[in-house]
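A.B. asks: Below are the chains, spelled out letter by letter.
Protein chains: 2
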Amino acid sequence: MAIRFDLHSTDPAGGARLGLLHTPHGAVPTPLFAPVGTQATVKTMTPRDLHTLGAGLILANTYHLFLRPGAELVQRMGGLHGFMRWDGPILTDSGGYQVFSLAHMRKLDADGVTFRSHIDGSLQRFTPESVMDTEQKLGADIAMCLDECPNPLDRAANERALERTHAWATRCQVAHTRPDQALFGIVQGGIFPDLRAESARYLTGLGFPGYAVGGLAVGETKAQMIDTLALTCPLLPVDKPRYLMGVGAPEDILEAVAQGIDLFDCVLPTRIARNGALLTHAGRLNIRNAQHTASPLPIEEGCACYTCQHFSRAYLRHLFKAGETLGLHLATLHNLHFMLRLMEQIRAAIAAGTFLAFKEQFLAGYQMSDQDARARNRQARQEALALL
Amino acid sequence: MAIRFDLHSTDPAGGARLGLLHTPHGAVPTPLFAPVGTQATVKTMTPRDLHTLGAGLILANTYHLFLRPGAELVQRMGGLHGFMRWDGPILTDSGGYQVFSLAHMRKLDADGVTFRSHIDGSLQRFTPESVMDTEQKLGADIAMCLDECPNPLDRAANERALERTHAWATRCQVAHTRPDQALFGIVQGGIFPDLRAESARYLTGLGFPGYAVGGLAVGETKAQMIDTLALTCPLLPVDKPRYLMGVGAPEDILEAVAQGIDLFDCVLPTRIARNGALLTHAGRLNIRNAQHTASPLPIEEGCACYTCQHFSRAYLRHLFKAGETLGLHLATLHNLHFMLRLMEQIRAAIAAGTFLAFKEQFLAGYQMSDQDARARNRQARQEALALL
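Sequence order for the protein chains is R and Y.
In terms of numbering that gives the first Met the number 0, the first sequence has 194 at position 195, counting the first letter as 1, and numbering is strictly consecutive.
In terms of numbering that gives the first Met the number 0, the second sequence has 122 at position 123, counting the first letter as 1, and numbering is strictly consecutive.
Next up, chain R with everything else stripped away, as it sits in the complex (with noise of 0.2 Å):
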């Protein structure tokens, strides 16, 4: 067994749980955000300063990895641990949802999916097996089954991908045999409760060590998403860890713990940063406003982070400003310092039976309303969408 799940608690008043994921390159403890690293890289990242952060699983993109350098190079470089001399927990995801993306340009069939490289305009195609393969080269701890991303609200386009969405499942299940990586599920169908509750059904039979609940984030409303998981997480082994993919928005995974979700990833903390938007307990800082040019505060008053025990705002900005990449290094760890903050506080709530009234503590002070916050982190997926 590649991985193991210690189950420590789950939280009386609600099903925020409190674990520690066991992996081949360490433990690490849940809920927990992994900081995304597409390109085996956290941009403007070094491992030392992830480590100083108290990062621990991180994600690296199968979908990109694939194009280039390609998986063989990573392979030979010792696997992506190697490669990126990143010695901690990594997962890859399937590279489905940017396939799926590129809307005009990929043909899908029943054995698979053909694409174009955003890169060169070169035919590639994905299939489980294929998949399979190019994620057991890359070596994370912990790999994806390939899946259809449809749009969640859509329900003739749910029923269609979901046949698939398992018959792939099977097949990445037959395909995968490295023993030192774990492949979790992914249960699809859309913000509608019996697709959910097939998949979820169909996949728990298979048995996989752990469970992504997908297509979320992606266009339903907060209620929406919050409803699915509500419906879908008590379907699951309780034993096994739960990963929402894609949601890193502070308020999204405050709601998603208290429904029992583990596992978060998200692009929004590092791409935001990188335009200039910094998190705080008050909600987002545009470092870029007038209002900071002479400012000698720093991002958030009490933040522990190197940049924030450091540089002012006036500094901060005049970075950004004269186009400077420290500030796009300085931003990063900043939100990488809050989200991974924010986790341990979450788990510190969880383990004090404290959780619900951290999260309304929380939320009461943080000044984005849910549109605003779910529009934005649209926004933020599109663009990284367009980037590619």
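It is worth saying that the hints were derived from the structure and are not from the lab.
For clarity, every value in this text was computed on a predicted model and none was experimentally measured.
Honestly, I wouldn't trust all of these hints.
In this list, chains with the same sequence are indistinguishable; a pair is considered to hold if it fits within one copy or across any two.
Unchecked claim - The calculated lysine-lysine pairs, modelled on BS3-like cross-linking and capped at a C-alpha distance of 25 Å, are:
1) LYS320 <-> LYS42
2) LYS320 <-> LYS136
3) LYS221 <-> LYS42
4) LYS136 <-> LYS358
5) LYS106 <-> LYS320
6) LYS358 <-> LYS320
7) LYS221 <-> LYS320
8) LYS42 <-> LYS358
9) LYS239 <-> LYS358
10) LYS106 <-> LYS358
11) LYS320 <-> LYS239
12) LYS358 <-> LYS221
13) LYS42 <-> LYS136
Starting from the structure of chain R, add chain Y where the hints point.
C.D. replies: Frame of chain R; chain Y shown alone:
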């Protein structure tokens, strides 16, 4: 006295000098290479990175900081030290070199120089008095006089410029009042021995705490540069630091140290790093070359820098090909380590009385023709100016 220079020894077989430069922000050993932080940041590096590398003095550019964010703002934030949070010594140039490089955009008169901002096209003006005001607000440990920087090969231009440079040096000295900042004079005169002698005589007569040799490494041959240093350095006070502005190619530094130069600065190591050119004892290595695609080797075997201790050429090449800023950071870190280690080795060799042997040994292994090196140096400087 803002600074004090202790000359410890002079190599008996040549002019190489070993010293210690005391500044309000600590003492630094000489010969010394100062990394360049044009916009109040050594590109891609945090202050803690620079401390880890063992950087001493760093340079910041008055022209850039005058335009953005402005000297008043930097002063309000505690000067450059407080603003960029570098607690070691800092030197600011006068901005003259940048302004005189904007050939079609500036107008010179006896009182000063009028030019257009490269940022917004606005009309700006430097006079000796205004530059002293700016440099005193920036608050570096060492400030430089405003000088005129003509083509070093043009005798008539140098004759005309020298009179102005000397008058401006006098005005700078009068206008400079900050007691915790040293003001250095700049010897000009191109490649012409009589003009250099006249300039050295005039400026030493004013009595500065340190002297730069300006106007070199901008078009003359390497032999002309060395000849100019050989005749200028003996005309400077033995007990004051000597600074060769804008020189940073390893082979040039070794020759200039042999002529008795104590301080260097150059964008070359950091700028070429961002183009993927990495310094090794065998010469430059271009990490973008296909030959490094699958290389598990570090940039240089035996190098103790973080980059070489952790990452393969294959990974660094991937970062460059994928446009990841981590590549710029890791390459910069290596090149600065190389330069700072070279300066350490130079100092150790002078102390051991083996400097000339060390110099010959280094140059024998360093595969770079003089023309090639100087052409690249010029190219790097022109590229840097093109960015203005």
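A.B. asks: Each hint: holds or not?
C.D. replies: Hints, one by one, checked against the model:
| no. | hint | in the structure |
| --- | --- | --- |
| 1 | LYS320 <-> LYS42 | both (19 Å within a copy, 14 Å between copies) |
| 2 | LYS320 <-> LYS136 | between (41 Å within a copy, 21 Å between copies) |
| 3 | LYS221 <-> LYS42 | neither (28 Å within a copy, 41 Å between copies) |
| 4 | LYS136 <-> LYS358 | neither (40 Å within a copy, 47 Å between copies) |
| 5 | LYS106 <-> LYS320 | neither (42 Å within a copy, 28 Å between copies) |
| 6 | LYS358 <-> LYS320 | neither (35 Å within a copy, 43 Å between copies) |
| 7 | LYS221 <-> LYS320 | neither (34 Å within a copy, 38 Å between copies) |
| 8 | LYS42 <-> LYS358 | neither (29 Å within a copy, 40 Å between copies) |
| 9 | LYS239 <-> LYS358 | within (24 Å within a copy, 64 Å between copies) |
| 10 | LYS106 <-> LYS358 | neither (43 Å within a copy, 63 Å between copies) |
| 11 | LYS320 <-> LYS239 | neither (46 Å within a copy, 39 Å between copies) |
| 12 | LYS358 <-> LYS221 | within (16 Å within a copy, 68 Å between copies) |
| 13 | LYS42 <-> LYS136 | within (22 Å within a copy, 35 Å between copies) |
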